[in-house]
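Please build the complete structure, drawing on both the sequences and the hints.
Protein chains in written order, with my numbering: chain A, 1 to 550; chain B, 551 to 1017; chain C, 1018 to 1494.
Be careful, since some hints might not be right.
As the list claims (entries may be wrong) - BS3-like, lysine-lysine: derived pairs with alpha carbons at most 25 angstroms apart:
(1) A:Lys58 to C:Lys1073
(2) A:Lys149 to C:Lys1390
(3) C:Lys1390 to A:Lys153
(4) C:Lys1073 to A:Lys66
As the list claims (entries may be wrong) - Listed next, the stretches of chain A that the computed footprint assigns to chain C, with coverage defined by at least 3 CB atoms under 8 angstroms from CB atoms of chain C:
(5) 393-402
(6) 490-502
Keep in mind the hints are simulated off the structure, nothing from the lab. Glycine included, every Cβ here is placed at the ideal spot set by N, Cα and C.
Residue strings, one per chain:
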Amino acid sequence: MFAWAVLKIAGCGVLAELFQRNRLVRTWAFLLFAAVASVMVVFFLANGMSASAGFIYKWFDNQAIKTSIILGLSVQNIPIVVFFAAVLCISLYYNIFYPKELRRLRSGGFYALIFTAMMLLVASTNIMQLLVSVFFIDLMTFYLLWTDKIKRKFLFYNFISDVLLMLLLAAVWGIGHKTQLNQLLRIGANDNRLLLGIIWLTAVFLKSGLFLFHNYILDWQENGFVRSLYLFYGATPLAGLIIMLKTAAVGHYHNFLWPALDIFAALTMLGSFAGSIRADNLKAKMLYWNLMLLGLMFALLSLGQKELLRVFPLLPLCGVLISSVILLPMVGAAYETSISKMGGFAGKMKLSLGLTFIALAGELHLLINLINEKNYWWIMGFAILHLLSLTFVIGRIYFGQSGAGERVWVELKNPHLLYWFVPLLLIAAIWFAYPSPDIKLALFLPLCIFLSWCFSKDMFNRFAIRKDASGEYAVTLFNLLLIEPLKVLGRVLWLLIDFVLLEKVLYSLAGKSINLCIAISMRLHGNTRFAGAVFFMSGLMALAAVYYFK
Amino acid sequence: MKYNIAAFLPEFFLLLTVITAILAELFRSRATPKTFYTIAKTGMIAAFLASVVFYNQTPLPGYYENNAHITLFKGVVYVLSGSCMYLSLKWFLGLDRPSFAFYLLVLLSVLFLTAALSAVNLAVMFAFLTAAFALNIFFMCLDEESFTAARRLVGTVLAVIVLVIFGLTEIYMQTGSLNFDKVAAMYVSSPLNGRAYSAGAALLAVVFLMLGAAPFHLWQYETAEKGILPAVCFINTVPVFIYFAVLVKLAGSLLAPVYMTMYPAVLGFALLSVAVGALSANGESNLRRLFVCIRVFVVGVVLAALGKYSLNNVFGSFVYLLVSLLALIGIHTVFYGLKSKGVYLKQLQSISGVAESKPYLAAAMLFFMVSLLGMPPLLGFLGILSVTNVLVSTGAYAVIAAVLFGFLVMAAAYLRVIRVMYFDGRSVLFDRTDRGIYLMLAINIILVLILLINPRFLLTDIEKLLF
Amino acid sequence: MVPYLLLITIMPLVGMIFVFTAKDNEKTKGRNVLNVAILTVGMNLFLIVRALNLIKPGYGNLQLSESYNWINTPQINLSFGADSFAMLLIFGVHLAVLIGMWGVRNAARGQKPRMVFVLLFLSMINGFFMAADIFSFFIFFEALLLPLYMMVGMFGEARRRNNLFRFMLYNLCGAFLLFAAIVVLYNHGEKNLLLGGIKNLHLGSAGETAVWTAIFIAFMSRIPIWPFHSWIASVNSGIKDPLVFISANIMPLTGIYGFMRFWPKTVPDTIVLQVAVLEVISVITMLFIALIAWVNRDIRYKIFSFASIYYIFFLLGVFLPTDQILLNVGYSLFACLLIFASMEVLVSYQLSEQSSKNLSAGGILSSMPKMSKAFSFMMLAGAGFPLSAMFINNFVIMAGLMNYSLVSALAAAAALLLISVTLLQELYRRKDEINPVSALSLKDKAKDISGGDLFFMTAVGVILLLSLFNPVWFMKG
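Rendered as structure tokens:
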């Protein structure tokens, strides 16, 4: 059942790609959304939150390797599936009417295909399926990216990540010859455990864009909002998280690994916090908030798989919620994305502001409900950082001194009703999940408003800079430590060995020696009379000499 | 007695043909090149048939004998000479030149060479051999351009005569006879002294010179460069067989101790021939001289394979020689087709781009050169295989290395020719090629292919004949 | 019993004769010749698939054996035999050549000599892969050189003829070394020595060293490993004709195959050091070629590098002390052949459009949607995406390598990664839709490939995709 649902969605995606239209685009986009949503609704109504039988394809069965593709739904994967399904539906929904999206059917199709690949990843129980799904996610994501520059960086990070992942799994498989993911622990003490662990971490960090590796994700601010949203929550960053979840056994290869993850998660949160404060572009800020959330989720994973699984689907949906409410001022301000060109919007966008605070309160309510002994500090830390950052931005947009131009002021209004649907739905979902009223909620709203008002003051402007944070740390490091030395080494090797040693010394010497012999031979054969006599006599003398010396 | 004299028929037919040719030249007013070709061809066929019929009949015991081994060589000579004569006809007809002298010389050469092979007396053998070699002077006199070569050849022939006389005299003084048995007995029974050695060495040196082994090879260059194409074709191919057979006879039985003593020098000559042939071929721009270099190389490999003389060595070197000469004949056949504005082309650059307008000629040339290179699956591979197998079985690994290195250097020369023919642009307009050339090429290629597909004929049957 | 193996070897020779004698003038423009050649390859493919279905899958057990007495003194029989590995390679080579033929079907000149030498090359390489005794092996090993030399000389770049010359010479050097080694083995072993019997021979220490070193060098000279890499690279990157380029890049396969057949699983002590040295050199060469490809602007060089790096990678797989993954190497090789052949044909078309319309490569695919689809598929498959048998089989080989030598494996992975990134860079550079400069220069747009071309490439893509799911889908059972 589950497999059929996924395949139907994939079919919708394929059809959307094959039959692209230039007319009635929104209608087609709506039809795509309706088709996908109906498949999901039918599936969930039929199965509910129960496990579903899997589709098994026996893929490879030879002496060296045996593996299958399995597409089934297990109990522990259900929240993850629900989350991705929700993200897909939300993205397809926005895809219908968001005006900055020019190729709705194409992007919608890719969303569906990425979802299919993601389901393959979520359902994977063996190495091969995991790898195949990861590659397909990368492939589809690549086609969604807008410019050459973004594609190049995406390629760089994700392809390296995929290769590292492949190396890791190849190494582990080579030791134990077991393809099942639950057999990953079967390696010996001397089997380069630390190195494999480092490869694992690097692969995931690259894939998900954690601290030092986040630049390719930041480039997505040049993409449209819907694409950015889906790419973050439906594609590679979350794919990295799922990979780590599936291969969590590798974390036990060495004592250093989980602490290292904690460090990177913390650095991601802190770095993203700083970035979200300093960035001027609203889309960049959204990405930083998403990264902060991602950091938190990785931190929860380091506490145990159950810790992560229990926060699905609502915690990541919270990220979608925040993005959708921050979208409101952007849409309302005629799609202005620079914070510095916003400010003082509260007067004309009260409804948006209200919804934003409710969403923020909802997020805090959720976070409080998710707190337990293990994750207390992580969630608290995240909540504080997130709250500060969000209120800082909200304060600047709604209460701060205006930098908006005339065009923005003229068009400034609350967005269309369609933009409200998603945030309201998500807030409702949170309340539905945790309906018990919380006294702390009564404090959140005023706290948020107060903080926003504080941050709207000019004194906090120094924390904001006009241009986005650069931080091409990883790229610079890679270039300096790896690429440039390799290039130099290549050139030196070529110069010293190929050119000097081989060409100029060995081959040149051999060639010249032979040419010399040829020249001597030609010379000797030139003057036939004299040379003939000399040769003749020397021959006779050789014959004589042989007898003499014998 | 009648029966034994009948065994002289091949020689008789050849002599008769010579006389007929002379008479035709003297008395026939409208004698064309075809006339002399027909006469020579008839005589050659008759001689061939007669030699096959009386293959093991000894006409004059003690002086002149036949056996399967000798008949084999004679047969090859007759066939090769026949094909040379046919090709030469095209040349003479094309240039409208008199052919009497040429055909006469060919007939006489064949007569002397076959007679030398059958001789059982050293004096008879060397007399015929020297006479055959001396005819080269007259071959060079067929054209004004080659008179200088003829003059230089006189010196070479004189040197040959001196050595022969010296050798024969010394041997006669030691044994009192020049019959093979007596000579062989002398060399086997008594320890080898300086005089005996020098006599034997002188005779062997003559054979090396005639073969064209370095350092006695220089006479060939000018001969090939200046001589007319038919003469060059004949000289470079046909007599080599006989000289090889004579060498085998001398090294194997008559002068065996001398040969064994001088083996290091022979090996030196072999390797020198290989080196000189390969290196010079890379420097030559004249096609005739280039293929002379190849011939020197072939002779070098043959000598190297002959080694310290055993039946296997002889067999291996014979196979290599045969396949190489087949290929050389093929190449010379191609030369007959390379003509521009009535002039036969000699320079390598002048045949550039020939593949464009004469694809079949170029393909044939490629075929034969690749065969000479020893590249499988062509016949030359059998040759190089025989040589290498023989050398490996005797443990001569250093020689193998040198020979194979020589092949590699020689390959550069072949590749150069292929490059000029196929990859460079055409520089001249080529004349129409006579169909007879294509016919000869086709026959040669078919023969090569038959031998290739069924090498038992070449190897097994000949092995039986030889051993 | 039908002598399939002999027929498969001879069929291209027969086709070659027909091609040689086919009418080729201004009117026919090479069509006759091409049709005969394609028909020959098609018929041979039929025989190959038939033979594949008669063979039990597996590596090492040569089946459909045929033996023909050739020479009695020395006694040499020409023996043929094939396992599924060899047949798979032959199948892959034929498909690659067919792709190349498709790529040159509109060639203006030289169709006859091209087809003659390609068919000769094909015949020789068939014989090589099916050779079961040492002499057959050597005969076809050396016989390959001539048609390749002729093709590259006639259709390659004139100014690289010196490099072609050297390339031929060192290949001949390798061939002669192998020849000497084979004759030595023959003289030490039983007459008519089969390939599998080599490991049972006992030579002295010096003999062993000399023979195996000679064999080593002979096979190495075919593969673009240092120090043989620069001329091979120079020669290959100068070939503009796609069919000849493909043929030239099939050549290194002979070196790898040679190692596979000759290489004993128990390496003699005398050459253990040489193996280690070879592995180090291989890995360094991989990195080296990958780096050069990355900075080089010539896409043909990149394709050549792609093929070379993978060949060396497969060679490393061959040297692993296990036979179990050799079939996986075969599956990967099959896919690799098809991929790089397709890449070359597509790139040739693009380059010809660029030169005829004075366009730059950047964004050229934006006006060629069909070409874009086909090209993207091939480049992605080449980059290692799960679109062909290369994906899973490379995984298996890499696993084996990691188990054996972690450093080699990591270095090899780095090289594979580099070349994949290089290919992908080229892909999106050509697909770049937004670049305003390329948009301006596309006034006179590049002409897209026809529907027939796309159909052909789709068929190739389908074969590759099917190979992802089942590498031997064309075999029964």
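To see whether the hints hold, each was checked on the structure:
no., hint, result
1, A:Lys58 to C:Lys1073, "21 angstroms, holds"
2, A:Lys149 to C:Lys1390, "21 angstroms, holds"
3, C:Lys1390 to A:Lys153, "22 angstroms, holds"
4, C:Lys1073 to A:Lys66, "19 angstroms, holds"
5, 393-402, "violated (count 0)"
6, 490-502, "holds (count 6)"
Hint compliance for this structure: hint 5 is the single one not met.
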